[in-house]
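First to last, the protein sequences are chains E and R.
When you line the first sequence up against the working numbering, it's residues 17 to 112, in that order.
When you line the second sequence up against the working numbering, it's residues 40 to 237, in that order.
Simulated from the structure, these hints should not be mistaken for lab results.
One thing to keep in mind: the hints can contain errors.
Said to hold, decoys possible - Result set (DSSO-like, lysine-lysine): computed pairs, CA atoms no more than 27 Å apart in a straight line: (1) Lys-234(R) x Lys-94(R); (2) Lys-19(E) x Lys-129(R); (3) Lys-209(R) x Lys-41(R); (4) Lys-128(R) x Lys-209(R); (5) Lys-128(R) x Lys-41(R); (6) Lys-129(R) x Lys-18(E); (7) Lys-209(R) x Lys-78(E); (8) Lys-19(E) x Lys-78(E); (9) Lys-18(E) x Lys-128(R); (10) Lys-19(E) x Lys-128(R); (11) Lys-78(E) x Lys-41(R); (12) Lys-80(E) x Lys-209(R); (13) Lys-209(R) x Lys-129(R); (14) Lys-80(E) x Lys-41(R); (15) Lys-18(E) x Lys-209(R); (16) Lys-19(E) x Lys-209(R); (17) Lys-78(E) x Lys-128(R).
As the structure is a computational prediction, the values presented were derived from the model and not from experiment.
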Amino acid sequence: MKKLFPIQHVMGYLFSLILSVVALSVILWDMSVALGLTILLICAAVQMSVQLFMFMHIGENKSKTALYTNLGYALLVGLITIFGTLFTMIWGYQIK
Amino acid sequence: MKLDNTLPMEYRSEENSNRILGFWLFLGAEIVLFSTLFAVYLTLWTRTGSGPDAKEIFEIGPVLIETFLLLTSSFTCGLAVHSMRLGLKKPSMVFFGITLLLGLGFLGVEIMEFVTYVNEGATLQTSAFLSSLFVLLGTHGLHVLMGLLWGGGLMLQIRREGYTLETSNKSFIFSLYWHFLDVVWIFIFSFVYLKGLM
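Excised from the complex, chain R in its bound form (with noise of 0.2 Å):
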């Protein structure tokens, strides 16, 4: 196998850059998948039937608990890639441990927020707006549980094998994955959200 040292070891050698490369044509396509929703959710909003609207039922406070605690998990993910690129697995994996744990936490303010929408009689079923708002951010929050289930299973493999060219690779993946919900949830918190709100 031909390996290039000077690049990091996520890189190094063919087929690792490949993968990398494989991953960003999936994540265009992922751009492609939460644009129809916003498309459809734009087209929406305003039809809210006999069911509440935006205003009633956004509250900014528990937002802004998610933007901060996906923000800070987008930040610990990257430290987690600096540690290990110097070859620290145990920082890495800690950073990588806070990743997950700040994503879980921000699952469970969003399982919450559905929980208060639909005992105020907002459900999927209730208006065009809900079931567009409901599937934009379920779809979003699947990605997260998604990646809090990979992520979990690669720092069980992280923990027995160790940074090598797959791991670090697969790591190198999985960080790219984390910072793209990242920045899908900046979408959703400005514009459906705040322009809701507004």
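Isolated chain E, as found in the complex (with noise of 0.2 Å):
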């Protein structure tokens, strides 16, 4: 039984248990909107990476080099189009 439940896994699932957690932490107690992004921004980050290299083994494969190029540029991309639509959609407004 032991074998089945192996503890990387387990310490995984809790530790992404536990960042749900923290970040629901934004909704209970009053801050600041850039606070609370910065927390939610974090945890998003982390849950990702535990998923990531916990369970989907990203560094094991042996073209891990061309998978972190594929996902750094699918972020990069990613990114680019979110903020890009954001600055010129909503901020792009605001500099005066």
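From the two separate chains plus the hints, produce the assembled complex.
Shown next, in the form of structure tokens:
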């Protein structure tokens, strides 16, 4: 039974539950939007890493350089899309 | 066929590792797809017109249930791959089965949530906020539904053939897909629900 539940997976699962609760704190306590968003960003980024490294085993693939490059590129395009859109559609209007 | 027996079965042939690499490339495209939907949502989420805003319709209870179901299903999916690598067919099938049931539970809660919204007069046509919300959540939900059909078919095949070079490869790729959906959900949970309720 014990070998069916490797410690790495169990820790990853517990860790992701804890991170969700930490993220939940932004609506439980009064805090500034900037602080709230920072907490959310950090929690989401760490959660993503837990999935990538502990569950998706990205590091064990022999073509891992290609995987990291692809993932980095996809994230870059995604972030440029999101922040570029916010910049042109929302923030841009506020810069006087 | 050249086989490298030092590797887990799903990577063992060259075709198998190429398939895994190919699937990672696909996931890169999926990241970009969801980024565009997030960009639209984050631009339009304050444009509520005469409809309700995020604080009025979001309820944290069902969202927490969805998050818990999906995180747990991602965990059991990881355990399924782990048992598969140990060559334990039955525990692996059980873990995949639990994964799919949790996914089904997630989808059920999400559908109930959509029905509640529509009953409150918050439909796809009500406002830009709701259009972008339903498209983002709906695209994720559709992916989960596809995962359920895919995983169901996969389980039938594993039951029939056991873990072969092909089925272990397919199972691993399915697990990549499932974990990816969990990652997308984490971002929806954080930047749609929690941010909306902040």
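Here's how the hints hold up against the structure:
{"no.": "1", "hint": "Lys-234(R) x Lys-94(R)", "verdict": "10 Å, holds"}
{"no.": "2", "hint": "Lys-19(E) x Lys-129(R)", "verdict": "14 Å, holds"}
{"no.": "3", "hint": "Lys-209(R) x Lys-41(R)", "verdict": "19 Å, holds"}
{"no.": "4", "hint": "Lys-128(R) x Lys-209(R)", "verdict": "14 Å, holds"}
{"no.": "5", "hint": "Lys-128(R) x Lys-41(R)", "verdict": "25 Å, holds"}
{"no.": "6", "hint": "Lys-129(R) x Lys-18(E)", "verdict": "15 Å, holds"}
{"no.": "7", "hint": "Lys-209(R) x Lys-78(E)", "verdict": "18 Å, holds"}
{"no.": "8", "hint": "Lys-19(E) x Lys-78(E)", "verdict": "25 Å, holds"}
{"no.": "9", "hint": "Lys-18(E) x Lys-128(R)", "verdict": "16 Å, holds"}
{"no.": "10", "hint": "Lys-19(E) x Lys-128(R)", "verdict": "14 Å, holds"}
{"no.": "11", "hint": "Lys-78(E) x Lys-41(R)", "verdict": "16 Å, holds"}
{"no.": "12", "hint": "Lys-80(E) x Lys-209(R)", "verdict": "19 Å, holds"}
{"no.": "13", "hint": "Lys-209(R) x Lys-129(R)", "verdict": "17 Å, holds"}
{"no.": "14", "hint": "Lys-80(E) x Lys-41(R)", "verdict": "21 Å, holds"}
{"no.": "15", "hint": "Lys-18(E) x Lys-209(R)", "verdict": "26 Å, holds"}
{"no.": "16", "hint": "Lys-19(E) x Lys-209(R)", "verdict": "23 Å, holds"}
{"no.": "17", "hint": "Lys-78(E) x Lys-128(R)", "verdict": "25 Å, holds"}
No hint from the list above goes unmet by this structure.
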